[in-house]
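Enquirer: Starting from the given sequences, assemble the full structure and let the hints guide the process.
Respectively, the protein sequence lines represent chains W and V. First residue of the first sequence? That's 1 in our numbering, and the numbers climb one at a time after it. First residue of the second sequence? That's 1001 in our numbering, and the numbers climb one at a time after it.
Be aware that a few hints might be false.
[To be verified] Restricting the straight-line Cα-Cα distance to at most 30 Å, the calculated cross-link-like pairs of lysine-lysine (DSS-like) are:
1) W/Lys70 - W/Lys266
2) W/Lys298 - V/Lys1108
3) V/Lys1108 - V/Lys1203
4) V/Lys1203 - W/Lys5
5) W/Lys266 - W/Lys41
6) V/Lys1108 - W/Lys97
7) W/Lys41 - W/Lys5
[As the list claims (entries may be wrong)] Just a sample of chain V residues kept apart from chain W, beta carbon distances all over 10 Å, derived:
8) Gly1039
9) Phe1045
10) Thr1058
11) Tyr1062
12) Gly1076
13) Val1087
14) Val1141
15) Leu1143
16) Arg1195
17) Lys1203
18) Pro1204
19) Ile1207
20) Asp1231
21) Val1233
If you are wondering where the hints come from, they were derived from the structure by calculation, not from laboratory data. C-beta: ideal position from N, C-alpha, C; glycine also.
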Amino acid sequence: MENWKNSVRTFWTAIVPPTFWLVTFFIIPLSLIWLYSFSTKTGVVDITLDWNLQQYMRALEPVYLGIFWKSIWMAAATTFVCLVISFPVAIAIVFAKPTMRMWLLLLVILPFWTNLLIRTYALIAVLRTNGFVNWGLEWLVDHADWALSFIGLGDNMLIGPFTPLQLLYNNTAVVIGLVYVHLPFMVLPLYAALDRLDRSYLEASLDLGAGHTRTFFSIVVPLALPGIASGVVITFIPAMGSYLTPDLLGGTDSYMIANVIASQFKQANNWPFGAALSFLLMYATFFALALRAVLMRKEGRGDKR
Amino acid sequence: MRLFRRNPDPMGPLDYARRFWLRAIVTLTLVFLYAPIIGLMAFSFNDSRRNVVWRGFTTDYYVRFFNNDSLMLAFGNSLTIALMTTVVATILGALTAYVLWRYRFPGKAIYEGGMALPIVIPEICMGVAMMVFFARLGWPVGLPWPINLGSITIAHIAFAFPFAAIVIRARLENFNRELAECARDLGASEYRVFRDIVVPHMKPGLIAGALLAFTLSLDDFVITFFTAGPDTVTFPVKIYSMVRFSVTPEVNAASTILILLTLVVTTIALWLQNRNNMIGKSAH
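Expert: Here you go:
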């Protein structure tokens, strides 16, 4: 790498256009809502910048604290489910034959490239009252009832007539949707961590008489911990800030923080408050990222040992 | 079925990939990931409005899709925005990558952090920031097509070019700096070196970055949703309004077309990347 002073003209020609774009169309808009978050709404469209913390105080009201808590809780549930599903998947990919491994990785990544909106819509078709899941359950119940009629318990005596389950428009649907969308975020870091793992440790553990479960919890998990932490943060951050999934799959009580921000800017038309909420969400994101950076640094130190 | 077939070799202790329960979990996960999407695509050909039972094959909904003026307009808008975004974002991304790769300068760490911001901040925050920015600026509305797509395109470029920069920079990392120095020694100008030495080496990265920018722009919903006006509807925004309304085969058909388009672009990108890696490997 050379010092920029060696070729000042080239340096400036190359750096000015992207910097201009980033500053004008990204930093300035963000600064604008940062200023708004310290402002007061004085009329229908009038906003006065008077450097007060009123909007942030309002965000601490129980209603909004509850929504923040709910977002964190839903994101945590999503992260946990993703972790439980991803671990065996990552193990299977790592220990698969090289050609198979390529295909499995590709299959896990491919949904990434499908539009988020379309994936969410696809889930609606599966989960709605006359969707695939309920259709399958109805078929099962009908046939179970038919089978039971042979021992004289038919005609819905034992299992009642099928009532479709309400699978959509509740918190469970939102978590299912978030898991569906964020699964690759967890599989990839876990795969990377497990791939680096020295297999002789596992062999040693198994040779010395530990079972697979014990080996998993005493060897694999501690050694893959930085990767796990990285996956947890990478899954948690976008899950907490997601807008579309709770919007389409959630009910009236599944509002997450991004939905509140959107409604402040669209329907409620209270921009300063929406701006304050946006910045709180951003600070939470930065905090999680900083946490990840610290954990990654620890991992780097661990490798040297 | 591969899942159940017995392998004649005895299973080693670390052959986790051959254990039945792990295979079952992987299979179930893949079903979970793919069944909804494949179902959606399959039922775009279903001859029934009630989406669940198969009533026979039809391409009716595709015919309707191509005859639906507002959908086609949204589709055209999306493609126009994506193309404009691709061109500008690739150029800006290449310049960013070049600067970060070549120079040491004060505040570089902060600069890199700033460039990563559009990637890490929640989409909703960027969406509302863009909405406020353009409202505050008094961005004119009701301009003739395609100038009215300007605000959306500007926002798309702002979030797409840092992604392109990452891809292009990864490609630059394995560039032999001595080549550029050689050319300089032999009397080539700064610009000539860039055009004849650096850019040809960057080319696979440029293509990959361009395709990434294209799919990012084509797929974006949240940021577009907040910057779009009533007369600048993009394809995802249009699908969103249809999805809110109901689940219909028309939406399935429209979604299938978007999925296939992204899939084709991504496959080309992966193929190009793979091919270049192969060429790179055999050359060394």
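Enquirer: Quick check for students: does the CB of V/Thr1058 sit more than 10 Å from each CB in chain W?
Expert: The claim stands: V/Thr1058 keeps its Cβ more than 10 Å from every Cβ of chain W (closest is about 17 Å).
Enquirer: Given the hint that V/Lys1108 pairs with V/Lys1203, does the C-alpha gap stay at or below 30 Å?
Expert: This hinted pair holds, its Cα atoms lying about 25 Å apart.
Enquirer: Take a quick look at whether W/Lys266 and W/Lys41 sit within 30 Å of each other, Cα to Cα.
Expert: holds, 15 Å
Enquirer: If you draw a straight line from the CA of V/Lys1203 to the CA of W/Lys5, is it 30 Å or shorter?
Expert: holds, 27 Å
Enquirer: Taking C-beta pairs only, is V/Val1141 more than 10 Å away from all of chain W?
Expert: holds, 16 Å
Enquirer: Taking 10 Å as the cut and beta carbons as the points, is V/Gly1076 off the interface with chain W?
Expert: holds, 17 Å
Enquirer: Check whether the Cα positions of W/Lys41 and W/Lys5 lie no farther apart than 30 Å.
Expert: Since the Cα atoms of W/Lys41 and W/Lys5 sit roughly 48 Å apart, the hinted pair is violated (cutoff 30 Å).
Enquirer: Is the straight-line distance between the alpha-carbon of V/Lys1108 and that of W/Lys97 30 Å or less?
Expert: violated, 42 Å
Enquirer: Could you let me know if the closest chain W CB is still more than 10 Å away from the CB of V/Pro1204?
Expert: Holds, because the least Cβ-Cβ distance between V/Pro1204 and chain W comes to about 19 Å, which exceeds 10 Å.
Enquirer: So V/Gly1039 supposedly isn't at the interface. Is its beta-carbon more than 10 Å from every beta-carbon in chain W?
Expert: violated, 6 Å
Enquirer: So is V/Ile1207 really clear of chain W, every C-beta pair being over 10 Å apart?
Expert: holds, 16 Å
Enquirer: Run the distance test for W/Lys298 versus V/Lys1108: straight-line Cα separation, threshold 30 Å.
Expert: With a Cα-Cα distance of about 24 Å, the restraint between W/Lys298 and V/Lys1108 holds, given a limit of 30 Å.
The structure shown violates the earlier hints numbered 6, 7 and 8.
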